[in-house]
Each structure stands twice: as structure tokens, then as C-alpha cells.
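> Take a look at the letters that make up each chain.
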Amino acid sequence: MQLPLGVEVPIPTFEQFVFIQVALLTAVAALAVVMSRNLFHSALALTLTFFGVAGIYVFLEAEFLAVSQVLVYVGAIAMLIAFAIMLTRSMMYGRTSPLNNQWGKSSLFALLFFMGLLAFARATPWPSAGEPVVADEALIAELGREFVTTYVVAFEVLGLLLLLALVGAVMLARDR
Amino acid sequence: MVPLSWYLMLAAFLFSCGLYGALARRNAIAMLMGIELMLNAANINLVAFWRHGVGPMEDLTGQAFAVLIIGLAAAEAAVGLALIIAVYRERRTIDVDELDILSG
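Going line by line, the protein sequences match chains A and B. The first sequence begins at 1 in the numbering used here and counts up one residue at a time. The second sequence begins at 1 in the numbering used here and counts up one residue at a time.
To be clear, the hints were calculated from the coordinates, so they are not data collected in a lab. In this text, a Cβ means the ideal position worked out from N, Cα and C, and glycines have one as well. Honestly, I wouldn't trust all of these hints.
What the hints assert, rightly or not - Each pair of labels, with its calculated beta carbon distance range:
1) Gly-55(B) - Arg-174(A): 47 to 55 Å
2) Phe-83(A) - Gly-53(B): 37 to 45 Å
3) Glu-98(B) - Met-35(A): 16 to 24 Å
4) Ala-86(B) - Gly-159(A): 20 to 28 Å
5) Val-58(A) - Arg-89(B): 35 to 43 Å
6) Ala-86(B) - Thr-150(A): 32 to 40 Å
7) Glu-58(B) - Met-86(A): 42 to 50 Å
8) Arg-122(A) - Val-54(B): 35 to 43 Å
9) Trp-126(A) - Ala-86(B): 44 to 52 Å
Isolated chain A, as found in the complex (with noise of 0.2 Å):
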């Protein structure tokens, strides 16, 4: 495909064109999330990100993820989001900006970083894809597999910090 200036761009196969409109998607709900002035506005603009990313993780042939990222994600931690701006009451518009007085350099830190990784993803020979995916449950069987043989200890871990956290959690947020 001929761009004007003679920039020559490769014609996107199908699945490239879809995964750029989930992308452009995610992508500009993560910028909500930044930029919007309204504490609510940036919870939802949160959930769609959310979704977003379970979408790239469909097209990752990642199907176990993308189910436990709107499960856990959308489910859990945006309900947890929306209701701690509603008991918070917090929503702090026309008082002051939402941004703190180190935005100018935070701003810089965050583009330049962006600039970094952007030079970094491109400018390395990564390898294409690996060998298909045989979309079946034998994926994710293996993977449960492997989460009580190989990764046994992060597993254990993991479940005694989530029960802690949770038990600590309603400790802190109590009504004494």
C-alpha cells in the first residue's frame, strides 16, 4: 500500500487489522485512565482497558488468561475501584487539577521511557511466532499440571498471600 510522501506500508492481513483495533482500543482507555479528570470516569475507563487486554491475550491463543483476566480484573478489582471512590467520596473536581505539582517531570520521565521501549521493541530482530497452538484443553490441562509440580511453592505461596491479604485487608478497612 502506497502512502502519501512515498512511505511504503505493508497491507495488514485480516487478524492484523483486528488485533490493531483492540489495541487502539486498550490503548486509548489507558489514556483515559490517565488523563480524565473524573475519578469514575477513570474506573471505567479502567474496565475497558481491562477488556482490552483480554482481548490481546485471544489473540495470543491464551484463551485460560483472557477468562481469568475478565474474571478477576473486571470482576474483582474494578468493582473494588468503583466501590472505594464511592466510600471515599473523592471525586475532587473544579477544586484543585488531579495532577500533583511533579506532573511536568513525571510527564517527560514517562514519554521518554515510552521513547526507550518503543526504539528497544523495534530496532530488535525478534523471532515470529513459535509453533501453532493446538487450541484444545490439553493447554490448559498442562498448565494445571504444571502449577502443582513445577511452580508447587509459588502456588502455595501465592494462596496464603491472597488469604492474608484478604483477612489483612478487612482488618485495615474495619469500623473499630
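On the provided structure of chain A, position chain B as indicated by the hints.
What follows is chain B alone, placed relative to chain A:
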């Protein structure tokens, strides 16, 4: 196929957004949202490298790590939001600029 570098560029953008949100927002909940964005970006990278590595059917390390990070993020969000609610009850504000009783 979608090239690996596209996933990495998207993850870089999400991470930078999250970094900016965590550094520049004055509301503690907005900072937490930035941290969640950064965790998601790291997860995309892990899964993308798993998919493009050698033998994605045999070596599931990338996916396993991503699942562990999702669980970790749930614990982090629960404790973080409970802390924010406790601080709000004590000080009636969650503006991180005003929470400076530890500064000398």
C-alpha cells in the same frame, strides 16, 4: 500472524501510561489504577514472549507467571484499597500531597 514487536509496543504504551498515572496523580486511588495498568503491561509481555518462544506447548512458564501475577494484583488491590479507606476514615482525605505526617 501479528509480529511480536506490536505486542511489545502496546505493552510499552500501557506501562508508560501507568507510570505517568502513578507518579503524577494526586488521588491515591488514581495512583493504584496506574499500578494496575503497569501490571497488565508486564503480563502482556510475559504472554507474548511465551507465545513467540520455543515450544509454547511444552514450556508454559510465561502463562504460569501471568496467572500468578493476576493473583498477586488481586491481593495488592485489596490491601491498597483497604489502606486508602482506613486513611480516609482517619484524615478525611486521600490526596497524597496532604498525607505527609511522616515527613520530618
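> In ascending order, which of the hints set out earlier in this document are inconsistent with the structure?
Violated hint: only 8; rest satisfied.
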